[in-house]
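Trainee: Residues per chain are reported as follows:
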Amino acid sequence: MRLGQAHMMEYMMLMVFIIILIFAFMILMSVFQIGGMRTEESENVYKQSLIITRFMLNTPYLNNPRFADGSAFDDSKLTTINCTELKKVVGRNWFAFVWIPSSSGNDVECDTSTYPNCNKWEICKKRKTRTETCVHEVPVNIYRKMSDTMDVGILTVGLYGKCT
Amino acid sequence: MENALNDKNIISQPLKGQMSMLVLVLGIMFFIMLGVFLFTSNIKPKNTDYANLYVHNLLLTSLRSYTGYSHPCMSVSDTLSCAYLTPNRFCSSDECFQLAPSVAEETIRRVLKQNYDFLLIVEPENWDTVGGERIVIGNPAIENIRPKYTANEKILAYGSNLRIVLMIAEKR
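Chains as they are written, first to last, in my numbering: chain H, 1 to 164; chain S, 165 to 336.
To be clear, the hints were calculated from the coordinates, so they are not data collected in a lab. If you're wondering where the values come from, they're calculated on a predicted model, not measured in any experiment. There could be a bad hint or two in this list.
[Said to hold, decoys possible] Label pairs and their computed distance ranges (CB to CB):
| # | chain 1 | residue 1 | chain 2 | residue 2 | range |
| --- | --- | --- | --- | --- | --- |
| 1 | H | T80 | S | K335 | 34 to 44 Å |
| 2 | H | T114 | S | N325 | 41 to 51 Å |
| 3 | S | L190 | H | E40 | 25 to 35 Å |
| 4 | S | D213 | H | T59 | 13 to 23 Å |
[What the hints assert, rightly or not] Here are the simulated DSSO-like pairs of lysine-lysine, each with C-alpha atoms no more than 27 Å apart in a straight line:
| # | chain 1 | residue 1 | chain 2 | residue 2 |
| --- | --- | --- | --- | --- |
| 5 | S | K312 | H | K125 |
| 6 | S | K210 | H | K47 |
| 7 | S | K277 | H | K162 |
| 8 | H | K128 | H | K47 |
| 9 | H | K126 | S | K208 |
| 10 | S | K277 | H | K47 |
| 11 | H | K162 | S | K318 |
Quick reminder that beta carbons are idealized off the backbone N, C-alpha and C, glycines included.
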């Protein structure tokens with residue numbers, strides 16, 4: 001009788017241990033699954049942000065037609081670009097601006113009144129309410145129409161959301 | 165007869181205990197291995213799409229930029245090809261060969277991210293087989309740093325096409 005009880009206890013202990021292991025495994029799997037979903041979501045944000053950046057680098061809305069390789073923005077096009085038109089093409093939830101690094105460090109935003117003595121163009125303004133963004137910076141050329149020269153600047157494209 | 169049965173029970177007790185232990189150990193090992201497999205399968209290689217786009221655009225835009233000098237050094241690419249093909253030719257008061265490194269470095273540093281360093285190499289198209297002069301601008305140690313990102317461009321010049329290689333890597 002005692003021996004039988006000991007056997008029962010042994011099996012019970014084994015079963016309990018295996019059940020605990022299975023539960024621990026299930027929790028681990030769930031954590032992995034959730035982690036994987038989050039990674040996938042941030043990867044999508046990253047890819048989408050890159051797609052918008054590539055679109056900007058090649059779009060005739062901004063580029064000078066003389067440069068077939070793209071990445072050469074026309075400063076007059078940058079000054080007059082309409083953000084809502086671009087958002088109709090690539091969707092919402094992103095912002096972009098272009099700036100020419102100046103030695104003085106003072107940025108002058110470009111509009112019809114400051115053009116051509118300016119060095120920053122807000123293509124689509126960043127919202128102030130949302131903080132988490134996936135930002136990509138890429139060097140670009142800016143063709144200065146008035147002086148017929150090619151300057152070098154930085155295009156910054158950001159998508160609202162967390163990315164890897 | 166009864167004694168013999170009792171002996172059999174005595175012998176089988178430790179074996180039963182060992183079997184349970186074995187099942188337990190195998191079960192734990194199975195779960196650990198499954199966990200390790202899931203963890204390793206979740207690790208993905210670093211995405212280099214952006215870095216490649218960045219370095220390619222950095223080289224392309226730097227080469228197209230105007231220097232402020234007149235012909236034959238109007239753009240950075242003009243200055244580099246002048247430095248390679250006609251090094252003693254003057255651009256304003258400086259020789260092309262002296263001017264090229266400062267002009268190229270200044271243009272690249274204007275837009276290069278602060279945590280990155282660069283190496284720019286100007287060489288003839290088939291330098292690997294033929295050899296010859298090479299202009300090296302920037303940090304030469306980058307050639308041996310990993311990971312580094314590389315972009316290539318060609319300058320089509322009369323007499324010899326030039327191959328421009330730009331490498332960037334994070335500062336250590």
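Trainee: Next step is simple, just say for each hint if it's right about the structure.
Mentor: Tested hints:
1. Checking the proposed 34 to 44 Å range against T80 (chain H) and K335 (chain S) shows it holds: the Cβ atoms sit about 39 Å from each other.
2. The beta-carbon spacing between T114 (chain H) and N325 (chain S), approximately 42 Å, falls within the hinted interval of 41 to 51 Å.
3. Our hint of 25 to 35 Å for L190 (chain S) and E40 (chain H) holds, since their Cβ atoms are close to 34 Å apart.
4. Taking the beta carbon of each, D213 (chain S) and T59 (chain H) are about 19 Å apart, inside 13 to 23 Å as hinted.
5. Distance restraint check for K312 (chain S) and K125 (chain H): the Cα-Cα separation of roughly 33 Å exceeds the 27 Å cut-off, and the hinted pair is therefore not satisfied.
6. The straight-line distance between the Cα atoms of K210 (chain S) and K47 (chain H) is roughly 13 Å, inside the 27 Å bound, and the hint therefore holds.
7. For the proposed pair K277 (chain S) and K162 (chain H), the alpha carbon gap of about 21 Å is at most 27 Å, so the pair holds.
8. As the CA atoms of K128 (chain H) and K47 (chain H) are separated by approximately 23 Å, the hinted pair is consistent with the 27 Å bound.
9. With a CA separation close to 31 Å, the supplied pair K126 (chain H) and K208 (chain S) exceeds the 27 Å bound.
10. Simply put, K277 (chain S) and K47 (chain H) have alpha-carbon atoms about 21 Å apart, close enough for the 27 Å limit, and the pair holds.
11. For the proposed pair K162 (chain H) and K318 (chain S), the alpha carbon gap of about 37 Å is over 27 Å, so the pair is violated.
This entry does not satisfy hints 5, 9 and 11, going by the numbered hints stated previously.
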